[in-house]
Structures are given as C-alpha cells and as structure tokens.
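With chain A fixed as given, assemble chain B onto it according to the hints.
Taken in sequence, the protein lines are chains A and B.
Per the working numbering, residue 1 is the first one in the first sequence, and the count goes up by one each step.
Per the working numbering, residue 1 is the first one in the second sequence, and the count goes up by one each step.
Think of the hints as simulated: they come from the structure by calculation, not from any bench.
Remember, predicted model here, so these are calculated numbers, not experimental data.
Honestly, I wouldn't trust all of these hints.
Pairs count within a copy or across copies, as identical chains cannot be separated in the list.
Result set (SDA-like, lysine to any residue): computed pairs, CA atoms no more than 25 Å apart in a straight line [said to hold, decoys possible]:
1) Lys100 with Ala122
2) Lys2 with Ser85
3) Lys100 with Lys212
4) Lys145 with Asp177
5) Lys100 with Asp158
6) Lys212 with Asp143
7) Lys171 with Gly161
8) Lys171 with Met202
9) Lys171 with Thr203
10) Lys100 with Thr113
11) Lys87 with Ala56
12) Lys18 with Asp150
13) Lys100 with Asp183
14) Lys100 with Gly182
15) Lys171 with Thr204
16) Lys18 with Asp177
17) Lys212 with Gly174
18) Lys51 with Glu165
Protein chains: 2
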Amino acid sequence: MKTIGILGTGIVGRTVGKKLAQLGYNVTLGSRSADNEKAKQWIADVGGTAKSGTFAEAARHADAVFVCTKGDGTVDAVKAAGDLSGKLVIDLTNPLDSSKGMPPPLISQYSNTHSLGEAVQAAVPNARVVKTLNIVNCEVMVDPKKSGGDPTMLLCGDDDGAKAEATNLLKEFGWNDVLDLGDITGARSMEAYVTLWVRVYMTTGNGYNAMKSIR
Amino acid sequence: MKTIGILGTGIVGRTVGKKLAQLGYNVTLGSRSADNEKAKQWIADVGGTAKSGTFAEAARHADAVFVCTKGDGTVDAVKAAGDLSGKLVIDLTNPLDSSKGMPPPLISQYSNTHSLGEAVQAAVPNARVVKTLNIVNCEVMVDPKKSGGDPTMLLCGDDDGAKAEATNLLKEFGWNDVLDLGDITGARSMEAYVTLWVRVYMTTGNGYNAMKSIR
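Pulled out of the complex, with its shape left as it was, chain A reads as follows:
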C-alpha cells in the first residue's frame, strides 16, 4: 500500500493526510471542488508528493481511502468518490448533530440501532470499510502519546483483511493497543462513545482525552 486518498479538507483530513505523507505515502487530499483553498495551503505545508483533487480524483489511484468528512456530508462524499470496489476505506467520521448546542447528540438516524459506519459500508458495498480513529481528536489520532498515556484504539468492520491492514496503519501512527469490536455494527458503540468523549472534554477541558480498555 503506497497511495492514499483523503476525503475532506477539514482539520481531520489535513492532519491525517500530513502524517501519512510524513510516513512516506503518496497522499491526495480530496474535496468537493478541485480548487479548494485549504487543499492548496495543505500542499504548500506538506510538500513532497502531496496532491489535491476532487473526491473522485483522490480515490481513483488510492489503495486506501480515509473518510474525514463532517458527519452529515459523509455518505454523499463517499458516493462522489467513484468506484471504491476492493479498496480499504477507513471511516473516521462522527454523526454529531451540532445544530442543538453542546454537547451534541448523534444525528438521530445514525444512533442506537444504526451508525454512520454502516451507512458508509452500505453506500459502497464492494469496498472494505473499517471504522476507526473517530474516538479521539485528530492530533491524538496520529500521535496517541499526546493523550498523556498509552490509550486503546477501537476498530470494527466486516472484512478481516481490511482490519489487519488498518491495524498496520494504526501501528504506524503509534497505536500499541488496538481492540477489534467485530463487524461494522460496532460503529454504533464507537460513535456513541464520542458523546462521552465530548462530555469529558467539556468537564475537564482536556481535548486530548482518550481511554484505555482494561481487559
């Protein structure tokens, strides 16, 4: 695996994309329009082989696609990325409903008995979707030591090979403890956990909080 597409030019996509570029991957940052200003600035910052393009351009030659879009735009972005058959699709998104103030609940349709992870897998049924990384802030995603400890990263998905590939990427980011929650429906609990993360952030002020599974 050498070439990675990122969907989304927000802080998550830019941070994860930069880390992947630093690790030696050829990274294309994808957005709705090819002349995205944040993507241009990101290329200037990252240098090397970093490129930008539309969602479809970012995904076309990618071995793996990181989905880093806002929750409510995620399914559309994944569909706009073209044919993702066989590709590893790593879903980092959270279906937070930010229209209701803090703390945000989940977008109702993706809560409890459904999830955005499942919706992503359903949107690209021939892709191999793995949900992971959504449970911490993006700086901790690519450097778990920033949490101040050795936290656990959760992961789920329907394809065991895809989860093994994702685990290797997580290890490159510095995650020593990866916990597989089973099939993609595990995304329900992983996305719900984020409401707890937000609570801890609100009550402690620590945006680098994470959790260690004792098991």
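Coordinates of chain B only, in the frame set by chain A:
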C-alpha cells in the same frame, strides 16, 4: 449515612447490597413483593442487620437508595418506592433492549437525546439522583481491582452534594478515579457506553472489562 435501601433483587442488587452490609451499613433489599424468595436467600447469605421488604419499605428509612432494577421496570420501581424527597438516589440501571438478541441496543425512548437516568430524576424530582456504577459488571462495581487494573468510574447528576456523597461510597468500594460528567444528562453517554462494554465482552470474552480515562 447509615441506612441504605436497594431496589431490585437481581444479581446487581444482591451484590451491591452485600458489599454495603459488609461495609457496616444497614441494608434493606426491596422487591415488588415482600416475600421475594431471592431476598430471603440473600438475608441468609449476608446475615447481620440485613433485611428485605417492598420497594417502599426498603426506601422508607434509607438515607440512600440504590436503584438496581432492570431497565424497563426502573421508572415504575422508583415510583413505587414512595417519597424519596431529599434522599440520595444512586441509579445503576441500564436501558438495554434485550428483545433483539445480542448485542442489545438501548431501549429507543432512552437513547441519544434521553436516558434512563434522566427518567429516574424526572420520576422523583425532589430526590437527588446520581447515575454511576452502570458501566461495569456488578462484581467490578464493588471491587474495581477485579478488572485487573485501576479503572475510572463515571458519575453524573444535578446535585453536587449528592455527587460528593456518592463519590465517598465509590471510594469505599475501592474506586480511586471518579470522573464527574456534569448534570444528569451525562447519563446519555454513560448508558450508551454500556453498548461498547457489551461489544468488548462479546469479542474478548472478558466480563470484567472496564476503562481508564486518560485525561
């Protein structure tokens, strides 16, 4: 605080009640009917000043009431306990919908934008409700070392004094790290977390799993 009422004769109520009796509290185990067979066996097991009675009898002289009922019977049980005004009410319950196989989702009406903790507080508005302990199995509740580590216990509620009293009880159980999530709406995230706990149990087989907040 010397006298404690337990609502519920299931494994949670019996385990927590026994621990409280061992700590020197006068404990009454409450159930729907006064001649509950499990309560009689519990008294024989615990000895000392342990008693049983109806929900209302268990609560009448109690300084603190532990709510240990099944999710779908919780609000009725709390209402049946009589006047809980001013009392510390510790809600350990989880609104799991076990009708749909494993893993259980939350009962829909108590998910995402609502919770059983809030429903308990609304049912007894003059009581001082604290949600806690629901995030581990009952053996770990009263002996957190059984998890194999030094896990974090979460807690939330609208009354700071009640949370301080609950924290003292948690310390008597052995919890060294108690994290206050704020008002009772924090129960939304604490109850949703339990679906993650169940996932970890299903994939690792470890029913003593817990989590440590890194913050």
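Quiz item: Checking against the hints above, which ones are violated?
Solution: Hint check: 3 fails alone, others pass.
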